[in-house]
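Chains as they are written, first to last, in UniProt numbering: chain D, 1 to 233; chain P, 1 to 233; chain R, 1 to 233; chain S, 1 to 233.
It is worth saying that the hints were derived from the structure and are not from the lab. Using N, Cα and C, we set each Cβ at its ideal position, and we do this for glycine too. Worth double-checking, as some hints may not be accurate.
[Stated by the list, open to error] Among the chain S residues that face chain R by a calculated CB cut under 8 Å, a handful are:
| # | residue |
| --- | --- |
| 1 | Val31 |
| 2 | Tyr111 |
| 3 | Val113 |
| 4 | Pro141 |
| 5 | Val144 |
| 6 | Ile145 |
| 7 | Ser149 |
| 8 | Gln152 |
| 9 | His198 |
| 10 | Arg201 |
| 11 | Glu202 |
The lines below spell out each chain.
There are 4 protein chains.
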Amino acid sequence: MTSADVEAAIAATRSDVARLHGELVRYGLVVWTGGNVSGRVPGADLFVIKPSGVSYDDLTAENMILCDLDGTVVPGSPGSERSPSSDTAAHAYVYRNMPEVGGVVHTHSTYAVAWAARGEEIPCVITGMADEFGGPIPIGPFAVIGDDSIGQGIVQTLRGHRSRAVLMQNHGPFTIGASANDAVKAAVMCEDAARSVHIAREAGPLIPIPQEKIDALYNRYQNVYGQSGDVRR
Amino acid sequence: MTSADVEAAIAATRSDVARLHGELVRYGLVVWTGGNVSGRVPGADLFVIKPSGVSYDDLTAENMILCDLDGTVVPGSPGSERSPSSDTAAHAYVYRNMPEVGGVVHTHSTYAVAWAARGEEIPCVITGMADEFGGPIPIGPFAVIGDDSIGQGIVQTLRGHRSRAVLMQNHGPFTIGASANDAVKAAVMCEDAARSVHIAREAGPLIPIPQEKIDALYNRYQNVYGQSGDVRR
Amino acid sequence: MTSADVEAAIAATRSDVARLHGELVRYGLVVWTGGNVSGRVPGADLFVIKPSGVSYDDLTAENMILCDLDGTVVPGSPGSERSPSSDTAAHAYVYRNMPEVGGVVHTHSTYAVAWAARGEEIPCVITGMADEFGGPIPIGPFAVIGDDSIGQGIVQTLRGHRSRAVLMQNHGPFTIGASANDAVKAAVMCEDAARSVHIAREAGPLIPIPQEKIDALYNRYQNVYGQSGDVRR
Amino acid sequence: MTSADVEAAIAATRSDVARLHGELVRYGLVVWTGGNVSGRVPGADLFVIKPSGVSYDDLTAENMILCDLDGTVVPGSPGSERSPSSDTAAHAYVYRNMPEVGGVVHTHSTYAVAWAARGEEIPCVITGMADEFGGPIPIGPFAVIGDDSIGQGIVQTLRGHRSRAVLMQNHGPFTIGASANDAVKAAVMCEDAARSVHIAREAGPLIPIPQEKIDALYNRYQNVYGQSGDVRR
Numbered sequence: 001m002t003s004a005d006v007e008a009a010i011a012a013t014r015s016d017v018a019r020l021h022g023e024l025v026r027y028g029l030v031v032w033t034g035g036n037v038s039g040r041v042p043g044a045d046l047f048v049i050k051p052s053g054v055s056y057d058d059l060t061a062e063n064m065i066l067c068d069l070d071g072t073v074v075p076g077s078p079g080s081e082r083s084p085s086s087d088t089a090a091h092a093y094v095y096r097n098m099p100e101v102g103g104v105v106h107t108h109s110t111y112a113v114a115w116a117a118r119g120e121e122i123p124c125v126i127t128g129m130a131d132e133f134g135g136p137i138p139i140g141p142f143a144v145i146g147d148d149s150i151g152q153g154i155v156q157t158l159r160g161h162r163s164r165a166v167l168m169q170n171h172g173p174f175t176i177g178a179s180a181n182d183a184v185k186a187a188v189m190c191e192d193a194a195r196s197v198h199i200a201r202e203a204g205p206l207i208p209i210p211q212e213k214i215d216a217l218y219n220r221y222q223n224v225y226g227q228s229g230d231v232r233r
Numbered sequence: 001m002t003s004a005d006v007e008a009a010i011a012a013t014r015s016d017v018a019r020l021h022g023e024l025v026r027y028g029l030v031v032w033t034g035g036n037v038s039g040r041v042p043g044a045d046l047f048v049i050k051p052s053g054v055s056y057d058d059l060t061a062e063n064m065i066l067c068d069l070d071g072t073v074v075p076g077s078p079g080s081e082r083s084p085s086s087d088t089a090a091h092a093y094v095y096r097n098m099p100e101v102g103g104v105v106h107t108h109s110t111y112a113v114a115w116a117a118r119g120e121e122i123p124c125v126i127t128g129m130a131d132e133f134g135g136p137i138p139i140g141p142f143a144v145i146g147d148d149s150i151g152q153g154i155v156q157t158l159r160g161h162r163s164r165a166v167l168m169q170n171h172g173p174f175t176i177g178a179s180a181n182d183a184v185k186a187a188v189m190c191e192d193a194a195r196s197v198h199i200a201r202e203a204g205p206l207i208p209i210p211q212e213k214i215d216a217l218y219n220r221y222q223n224v225y226g227q228s229g230d231v232r233r
Numbered sequence: 001m002t003s004a005d006v007e008a009a010i011a012a013t014r015s016d017v018a019r020l021h022g023e024l025v026r027y028g029l030v031v032w033t034g035g036n037v038s039g040r041v042p043g044a045d046l047f048v049i050k051p052s053g054v055s056y057d058d059l060t061a062e063n064m065i066l067c068d069l070d071g072t073v074v075p076g077s078p079g080s081e082r083s084p085s086s087d088t089a090a091h092a093y094v095y096r097n098m099p100e101v102g103g104v105v106h107t108h109s110t111y112a113v114a115w116a117a118r119g120e121e122i123p124c125v126i127t128g129m130a131d132e133f134g135g136p137i138p139i140g141p142f143a144v145i146g147d148d149s150i151g152q153g154i155v156q157t158l159r160g161h162r163s164r165a166v167l168m169q170n171h172g173p174f175t176i177g178a179s180a181n182d183a184v185k186a187a188v189m190c191e192d193a194a195r196s197v198h199i200a201r202e203a204g205p206l207i208p209i210p211q212e213k214i215d216a217l218y219n220r221y222q223n224v225y226g227q228s229g230d231v232r233r
Numbered sequence: 001m002t003s004a005d006v007e008a009a010i011a012a013t014r015s016d017v018a019r020l021h022g023e024l025v026r027y028g029l030v031v032w033t034g035g036n037v038s039g040r041v042p043g044a045d046l047f048v049i050k051p052s053g054v055s056y057d058d059l060t061a062e063n064m065i066l067c068d069l070d071g072t073v074v075p076g077s078p079g080s081e082r083s084p085s086s087d088t089a090a091h092a093y094v095y096r097n098m099p100e101v102g103g104v105v106h107t108h109s110t111y112a113v114a115w116a117a118r119g120e121e122i123p124c125v126i127t128g129m130a131d132e133f134g135g136p137i138p139i140g141p142f143a144v145i146g147d148d149s150i151g152q153g154i155v156q157t158l159r160g161h162r163s164r165a166v167l168m169q170n171h172g173p174f175t176i177g178a179s180a181n182d183a184v185k186a187a188v189m190c191e192d193a194a195r196s197v198h199i200a201r202e203a204g205p206l207i208p209i210p211q212e213k214i215d216a217l218y219n220r221y222q223n224v225y226g227q228s229g230d231v232r233r
């Protein structure tokens, strides 16, 4: 890539990441300044993430923060006078260790947090969950913010797993995707599954879906849903 | 009908179906690109349905997709370059087998999905449900997407039934109506009933409504509610 | 009152009643075309109510319907070509039998309906409920729409009761007030109490509030809350 | 401070307090005219609070009410023709007794009220709660409005406590902060914690967070979250 290509890719990623934060608000996944979206800059060892502690009303492409894959802010880049999200180290760890990942999202969405506080995976009892996650949504380890332990927990849990969502114990969901948009979709669908299955189970026993039906649903959805020109995931 | 009449009917149906998707959003019945509304073109063996995997923000009369009653996209019609909803086969099956149906809706609305995950019909313990559905909202069979089994399950369950809503086991609600508007109303009222009865039962035993009272409520509502010029349902 | 005074009072009531329906939407108390607000015309044996089966988006002062206290539409008045709310007879009964009532509201709000489906009054365990309702919110009898039985049930339950809300068994809440605005406030606060107390009790035993404290809260709120120029209630 | 400085500080506080009421609406913490925010005027023995019984739609900087630290309205100040919030005495008590407090918020938010109706503190089982409150959210005593007993209950419970939120028994949450903005944040996060922990516990046993992890989370969040120029809290 030329330098101009990289600049264009950075600008496009800034714009996407800023806009996608609005989807977290729209679906009620975040309150106040909590939650964050990041997106890898295609073709470069960089990603773009939300600044720390800034209101969702005030997020723009210009105040998104550009980081390298160690999570260090790129000096002199727009927004670099601010601190990036306090979850930046976790995002960076995922980008370094999962090259197929193009986007990462973290929220404290209510029902996903509730499963996380019990350390209980969400069983796959609805077809929409089989489509999207191909089975249960797993629990990751308890990990305190501030070093690589959250990132390690995400990667250890999701590497090789069908699910793009992990519920970090006592904390909340992290989701990954081929793009930032896809990771945001996973965050939305994770909360939807967490809520539906919670409410279903409040009222009595759930009917399991046979594994071969889960497999069939997952395989179809990964291959035939959406428009033929869509980037898968 | 003349060809111009058919064109006008198609145009009106496209416009209705596009607009009615906004009601699914307004009432919180859908997230991301999930859910779909279709409407039969009056006087023609055609129906109009949502494209697959397109954002609710981007739906317009022009990008709705026109299909014949086998669920095949009409070649060369506006929107025909896109894939229709992945539930198109189920909608088509209903239109072929229930000529009185003018609209079909599918969502994964939270509380209806919860009853579906337990395979439990919603008992008719509130007068608003008696008005609208004339009794319990039934469960349909478990069926995997991709052939006629969902359509068959809908038709077998709802043919001759007062309810315009069926909860497909482990999946979610499908609703039918005399028009697309009526099917959307049924989807809204189905989730409302699913939520109210779920919450009621969480806290203790429900008082049944005697069958003759359910019958009286249903018969009155079908005949005297609304404005005299309204199409019934 | 002169005829011009009556006309002005009708116009003001039409405007208030149309506008107040928007509060039912704002607080999520209604779906589709369900629910209704009415207001007595001050100084006349008339009230204004919503038309039946019309969307909340389309309600205006002009299409509100003017009725006498028997619930008969005033011939030739604006909107009189339409049918009034199917609950008009119940509203009329209340106005005929409770001259102190200036407004009536009916909804199928979720949590209030849930208590109604169990036939269980809402206990007064939160101070906001003591302020507003002065004790529990009572249950009214099961009554089928179409004659005076709903109206009778409301009046028998609320006459002489501190509560301005009654939960009609298996049906939902009706609220009354000194004005339409006050009855709408009671509908909003009734659902708020129904929801808070339901959720509180899901998780364990509630602490009762001693009766003399309930009395003190109620008496203070009726006398000192709000601005000194406010119409009480 | 010069008189002009005080006037400027009053004007800025009026504007902040009026605007911050909108956050209570945005996060669904209040209905009708319930709830209130106040803010201390920096450098003066004064605070600004909401008028009693006025719609959230109608709140402006001009109709906020200026009080001294006894809760007496400053004669002749803008808005002084109206009554201040009926909770003014409680706010004043807090300002007199906790000089570090710059803002106070009171709501009847649903889940916080539910814990209050059981008199049960919210256990700290999610990391977001450890960050924000440093442990459980405590219960304050039952206290009737109208004298200093609510204010005393708030101060006795929160003085020396990490939590900026107290759930007054059978009543609801009061929150404090270094500024009105910080107290509003605490009210938002308090309801979020109350809801998430309630829902978590409905479905089974919660995993406790070890005390030293809670301490580490709290200490980090108080010191490194947000932008370096932010006022702490």
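Structure-based check of all given hints:
no. : hint   : verdict
1   : Val31  : holds, 5 Å
2   : Tyr111 : holds, 6 Å
3   : Val113 : holds, 5 Å
4   : Pro141 : violated, 12 Å
5   : Val144 : holds, 6 Å
6   : Ile145 : holds, 7 Å
7   : Ser149 : violated, 12 Å
8   : Gln152 : violated, 16 Å
9   : His198 : holds, 6 Å
10  : Arg201 : holds, 7 Å
11  : Glu202 : holds, 7 Å
In summary, the structure is inconsistent with hints 4, 7, 8 from the numbered list given earlier, while agreeing with the others.
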